[in-house]
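Fit chains P, Z, H, F and U to the given chain D structure using the hints.
Chains as they are written, first to last, in the UniProt record's numbering: chain D, 1 to 319; chain P, 1 to 319; chain Z, 1 to 319; chain H, 1 to 319; chain F, 1 to 319; chain U, 1 to 319.
Heads up, a few of these hints could be off.
Just some of the chain D residues that point at chain U, by a computed CB distance under 10 Å [said to hold, decoys possible]: (1) PHE76; (2) GLN81; (3) PHE295; (4) THR311; (5) PHE312.
FYI, nobody ran anything at the bench for these hints, they're computed from the structure.
The C-beta atom is built at its ideal place from N, Cα and C for all residues, glycine as well.
Chain by chain, the residues run as shown.
6 protein chains.
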Amino acid sequence: MKKGIHHHQIGDSIELYLLIKNVKKGTASNGKPFLTLQMSDKTGEIDAKLWSVSPEDEATFVSSVIVHVQGEIQDFRGMRQLKIKAIRPTSGMDQVRHGDFLPSAPLSPEEMLERVTQYIFEMSNPKLQRITRHLFKKHQDKFLQSPAATKNHHEYVAGLAYHVVSMLDLAKAMVNLYPSLDQDLLYAGVILHDLGKVRELSGPLVSEYTTEGKLLGHITLMVNEIEEAAKELEIEGEEVLVLQHLVLSHHGKGEWGSPKAPLIKEAEILHMIDNIDAKMNMMDRALERVMPGEFSERIFPMDNRSFYKPTFHAPPIEY
Amino acid sequence: MKKGIHHHQIGDSIELYLLIKNVKKGTASNGKPFLTLQMSDKTGEIDAKLWSVSPEDEATFVSSVIVHVQGEIQDFRGMRQLKIKAIRPTSGMDQVRHGDFLPSAPLSPEEMLERVTQYIFEMSNPKLQRITRHLFKKHQDKFLQSPAATKNHHEYVAGLAYHVVSMLDLAKAMVNLYPSLDQDLLYAGVILHDLGKVRELSGPLVSEYTTEGKLLGHITLMVNEIEEAAKELEIEGEEVLVLQHLVLSHHGKGEWGSPKAPLIKEAEILHMIDNIDAKMNMMDRALERVMPGEFSERIFPMDNRSFYKPTFHAPPIEY
Amino acid sequence: MKKGIHHHQIGDSIELYLLIKNVKKGTASNGKPFLTLQMSDKTGEIDAKLWSVSPEDEATFVSSVIVHVQGEIQDFRGMRQLKIKAIRPTSGMDQVRHGDFLPSAPLSPEEMLERVTQYIFEMSNPKLQRITRHLFKKHQDKFLQSPAATKNHHEYVAGLAYHVVSMLDLAKAMVNLYPSLDQDLLYAGVILHDLGKVRELSGPLVSEYTTEGKLLGHITLMVNEIEEAAKELEIEGEEVLVLQHLVLSHHGKGEWGSPKAPLIKEAEILHMIDNIDAKMNMMDRALERVMPGEFSERIFPMDNRSFYKPTFHAPPIEY
Amino acid sequence: MKKGIHHHQIGDSIELYLLIKNVKKGTASNGKPFLTLQMSDKTGEIDAKLWSVSPEDEATFVSSVIVHVQGEIQDFRGMRQLKIKAIRPTSGMDQVRHGDFLPSAPLSPEEMLERVTQYIFEMSNPKLQRITRHLFKKHQDKFLQSPAATKNHHEYVAGLAYHVVSMLDLAKAMVNLYPSLDQDLLYAGVILHDLGKVRELSGPLVSEYTTEGKLLGHITLMVNEIEEAAKELEIEGEEVLVLQHLVLSHHGKGEWGSPKAPLIKEAEILHMIDNIDAKMNMMDRALERVMPGEFSERIFPMDNRSFYKPTFHAPPIEY
Amino acid sequence: MKKGIHHHQIGDSIELYLLIKNVKKGTASNGKPFLTLQMSDKTGEIDAKLWSVSPEDEATFVSSVIVHVQGEIQDFRGMRQLKIKAIRPTSGMDQVRHGDFLPSAPLSPEEMLERVTQYIFEMSNPKLQRITRHLFKKHQDKFLQSPAATKNHHEYVAGLAYHVVSMLDLAKAMVNLYPSLDQDLLYAGVILHDLGKVRELSGPLVSEYTTEGKLLGHITLMVNEIEEAAKELEIEGEEVLVLQHLVLSHHGKGEWGSPKAPLIKEAEILHMIDNIDAKMNMMDRALERVMPGEFSERIFPMDNRSFYKPTFHAPPIEY
Amino acid sequence: MKKGIHHHQIGDSIELYLLIKNVKKGTASNGKPFLTLQMSDKTGEIDAKLWSVSPEDEATFVSSVIVHVQGEIQDFRGMRQLKIKAIRPTSGMDQVRHGDFLPSAPLSPEEMLERVTQYIFEMSNPKLQRITRHLFKKHQDKFLQSPAATKNHHEYVAGLAYHVVSMLDLAKAMVNLYPSLDQDLLYAGVILHDLGKVRELSGPLVSEYTTEGKLLGHITLMVNEIEEAAKELEIEGEEVLVLQHLVLSHHGKGEWGSPKAPLIKEAEILHMIDNIDAKMNMMDRALERVMPGEFSERIFPMDNRSFYKPTFHAPPIEY
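If we strip away everything but chain D, and leave its shape as in the complex, we get (with noise of 0.2 Å):
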């Protein structure tokens, strides 16, 4: 198989498919309008100039279409830039799909979809477990398409999902080292704690935030849920009170989103496994793409830092 775009140094010549995900409009210095193109495979992304485009132009690269592109990898100010020298929107003729440009979790949506019901179904406290298959079952399609957000980590198609059943995975290990941890609690709010996002954010495309988001954010989403999805089981008791103090409090602190601070264990520990698998997803990520003996670029949300691989580390498998 061709070798995707991540895969490409500076100075390389290439002659791929890629898919526009965003398009910009822009005028040159000598006055000419042209495009910035942001383009994608599976494996990463590029950005592109398009010079001195007509309007035919302007309407055929719009956002979704997938392009042939023949051009050189060229730097520009330390980023990768593509220097197109060839572009053709595609047909039928190329068969290629919209999910081949589109990166996704490495794991099936089916698969996914069996290990959460599994974790469900081991939860024992019968209100913790129905409200949490209330809801999953209540979005379970967008859920397992939608990314877990839409930049820093698991940005991709199923990345909520996928950041869902990781952390799961990380939630039993704990309980079983640390007895004292309620494990029904713990699997349910790390089911539930992101679930909101899938009405903050508008799709696994292009994703946005809502209006509903920007205004209420998907951890006061997903509490009105869970109190309505009490209501409607007729379900009472302090479970679902604590269950919304957890998906409440999961940010941390006020500062980060959460109005109350974790008060409850289940919720503090809710809080520091999401913060882990979302660094390790970062911080794999960036190392991925540098040799031993480098620094990766700097991962924003976590402080600005570039991470360094070890010369004793292996390299990346592509190289």
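Relative to the frame of chain D, chains P, Z, H, F and U by itself:
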């Protein structure tokens, strides 16, 4: 009428009825048990020690009991303290009632009810009006009794109602000065913003945080209730979302308990009006106790500042 | 009447008179000099590039010149930019005046002067009244021209006067609602609080900081002037000190430029009124440019927030 | 077996052996000297006052003495305090040993030694393994006795060893879940990260900071030792530098005592594992003392939060 | 000569003359009034309780009275406290004077006056020289008595003068090392920077903040005076403005009380010199009380640090 | 002698030899590659664009090459930029040497070596003296070449040595003014505090951080070396620990890279002397480029302040 406890100074001998608000037991350095009584009447509070108490004393002098006390006001580390010379519980003979000892709002419950009702009546957006009326009626009784906070500002019977009425008057003045403001939205926000406190706090006399108050807080509780109210009243439209945002954001930012900062003009103004009325209340109470040319005691939630009463301002009425 | 620059959208062809507010020279990537013109009329501002300029162009298109322009409004990184097709300086023939191009306060200077004078007239404390009148008269002419700030809020001709008049109206409403406030002190504080800006800023058209503005600032300059005014008017008494404190503390705390936090009730209220009026102005201006259902551009001094205009609010008048 | 001090409640009369951990002398308000005794057994601690002490009492009741006490548990400002009715030092007749009164790790020193040794054995990078083994052996005896901190978490005999063993188990689980992690580096980091505490703290029973602990701290002390160990073992290569970085950065950032933030993936994970294990320990200890439906006492190093034990969780075993 | 109070240790019996600096009345747990006396001589301070006082005692033992005391130095929560055995007020017979009990600067007022005068004489810029001389002469008497602060550093009679003389010496050394510095400006800044304290603080013996000290502060007071002095002396030119800036900015930034940060090189250096001399004074005083190998008591304004005296440094002279 | 690049202003035509310090490649908006050359001589730096470069150009104009350039100085966004008219690499014929183009310290290496040696000679504590001499000799050659930082202050050849010599002179002045200071400890601290930079930074010409510089930093590297030096020289005693503490704490606090704040008087003074000398250097360099009455460019590490040169100060020498 007799002077209240607030109007006595260090050195005064007093003979008064007082309500016991809180009792703590301790052991004196001679090994004997003593009680610290926190007592109040409508004008203020004072602490007193009851030394070498018997088990009967402990059973007699408990929270909510009205007592008749003789003693002298002394200075204890810069605070007034009552040195008890004689103390006895009251009986029917004394003809005293709890209501006489609780500080309360300057307006009667009936008057405050009428004024809030009038403001609701003036609203012209039917969706905002119906949700506001529905939730206000639901919690009306507790609303007319609840303090606005456990301490700091408006912490007396019906303090919440008085705070809301003052804010409504201020909102009306603001709408007149800045006609671009949406009057209905601002009124609705003012009436509902702290209504969740009837669930967050335990009640008018001994205000403590409830478990749901600690785990979710009055903001989240009311956002949930707006959602339900809209369902129940079959109201749809952005008004529901926007009103939830006003309640959600009225603390201004994450560190202060709002998971979203105000993103709507009326939400920002609601936050500022809330602030002004709370601060006016705190400053007025601190300054009415000092003479011109003096500094007040420190006000903790206002950066622990001590305020100055200029010499050309009037002395407190009671002196 | 013709639509102003603010009322045109991306894609519009325009033909307008505009005032050049600022010019920067640069070198294009082809090595040729170009000018970046910041132009405005009463309704708003727009930037434009003038490519490949000759030395004559550079001498012609300078700050304060009124030009006639033809062009098209384009998008440049999310901001509107004017693509110039033709541009010429105006002459007497064009019958245009500077005053027509500067945004200014909604009230006439005469009206604002009368209103401030009326407020001073209403003061009953003769010491505060005399100092306020003396300093107001001294700087009256510049006061009626000065912007309230170089950017952010009320940054137009007579913006300072309009800001002060609005604050006085708000102060009056506050005094009515909270009768414990000292009306005279509050009015005096409002009128003098920013009066030092007539020395801190260079003037109405091209507002920059003066050297004494940078080294001392408008707060210290006015505190000095109150001292001198009291000397000159032979006024003694705590009013002088208290009024200096109001001006000194009106930014609220050290980080914001006030060496003393407000320690007098009216000083705290002055700070809050100042805040409200500035924020109302910023939010109104940002929101009047967007349609219902949209978010405004970010407002930097309000924590860089972008405000939402609910769908049930009215669209801007011009559309 | 008899209940320990921790299992008694306010109001209980007790008769117990206790170890004096700390003694402070004071003067009562009647002018007589008294002692404040901090006493403990394996289950917990309690304070007591010994009034009107003679010089002989002062010489008898000193730190490290085991005493036999009769008394009653009382409430003192929300804390339990022991009112002493009778107290005497113990002799050989009492058949009590210091070891019976010191709280200690749930695992025996032998078991912990074996488990750390096993983890070292599992390492496959010989450089990391040799340095780790060398330093571990060097400090092994003190390591098996030292607390993990003077207060807050694992502050008991062998608390450091138990903390490290728990972290190793957690590290192993993490390596299984995230195979990109370098197991050897993580294990080495866990074993060495706090080993400098054997020099920073004075010893197991009365832990205080040493002068080198205060002036350099355990982090710098261990980084120095890794350098020396590598020299002594004639080990070269980046492993030495990277291992020093792990120890150096394990507090996460400058404010928390690490001059470098983690810049290697395993360093970041080491920091997070350390955090989790310390917090689990603090929360477990706080919660095991409260009944379901109650809030724990505040945990200072966790932002002074008080944690809630849900009503559907089990009560403490002892009740 | 007899040893001062500072030179006695816990356990010592003492018989001394002491000055009462401050008295607080309290009520003991047996219900009787007692006095807390803060007493001092030139070498230091000590607190004592006077139990069960009569009204005559309260009238006798007041602030500024010199007493003869017998007693024993005891430990109270880590602080030395004097247990009084006998105490009486002094009369003419005792031949003691207030001046003997106040700590004061190491140099005589005459010497300090001469040295400041000499520095003013060395200035060659006549404008700076005349303003400095004018203001120095105006406040010279109080300047030679005032402490530099109410606590923390140089808080003794003439502490301000000693602080200024030390800073002038340091300024001279700096000017020699960095010849680009403007000597005159720096000298003027040093002499005037804290001169406003003669108005901010009430006096040498019982230093408290005056009302104008609290509402405006010594910085603003002196900036005002420089303005007036220039008017009176008919001095114009940027020197006036620049000198005001030096005084205004000498606390370094807003949080520390300077509305403008230093924007002139000499202003920055003035701020640093001020800092160094204050810190040297605080560290010296803390360290001269401890033996080599010990840590000093904590110094609150230096981040509450406790400083170490290395074992190879000399012990305090008195031991 | 010819004027250097620093002495030319916008609009000047120049013909000069310059050293290429850094080269970045980019792609112009016309799609052609261009180079951004960062060039310097002893007096300063300037950037230039080289448009439409050929592969030969790219191979010719690389870092460390000395070129002969003709061009014009233009303004680019407020910065000077060189518009190249002709450029060629130099050959032996041009008789230019690298040393002529690198800014360097005002003192010769020999002189600085002699002065540091003299200060070491003056030390009387043999332990401190031997460790200092040993480490200084070990790194002496690099020390005399290294910059003190990659940017901000003393970032030129031998900048580190010049910074240390200035600090030693300042230390000597301090010791004279405050005789309680330990001269030897302070000298040793000054000489060693930044010596680890010879390992942290890559070298004099193109200073970058080394891997050990990034992962451990110059502070930890030197603390390690002091440990080793003491071992090697068989020196024992608290001097070793105390000297390590001085180096460890010289950045003042955690956020600034010191895991321990200064806890010894000389450590605090070392931190302050370091600060003063760095700031004097930054302010002098910024101010020597502006005329009296102007503000300098912003100095980022000094809170981004812009400093004012008073009108009564002298203009730069070159004008």
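For each hint, the structure was consulted:
1. Given the 10 Å rule on beta carbons, the hint for PHE76/D holds: about 6 Å separates it from the nearest Cβ of chain U.
2. Restraint check, GLN81/D versus chain U: the minimum CB separation of about 7 Å is within 10 Å; hint holds.
3. With its C-beta approaching chain U no nearer than about 7 Å, PHE295/D sits inside the 10 Å limit, and its interface hint holds.
4. Contact between THR311/D and chain U, as hinted, is supported at the beta carbon level, the nearest pair being about 9 Å apart and thus within 10 Å.
5. Of the supplied interface hints, the one on PHE312/D is violated, with its beta-carbon coming no nearer than about 13 Å to a beta-carbon of chain U, more than 10 Å.
This entry does not satisfy hint 5, going by the numbered hints stated previously; all others are met.
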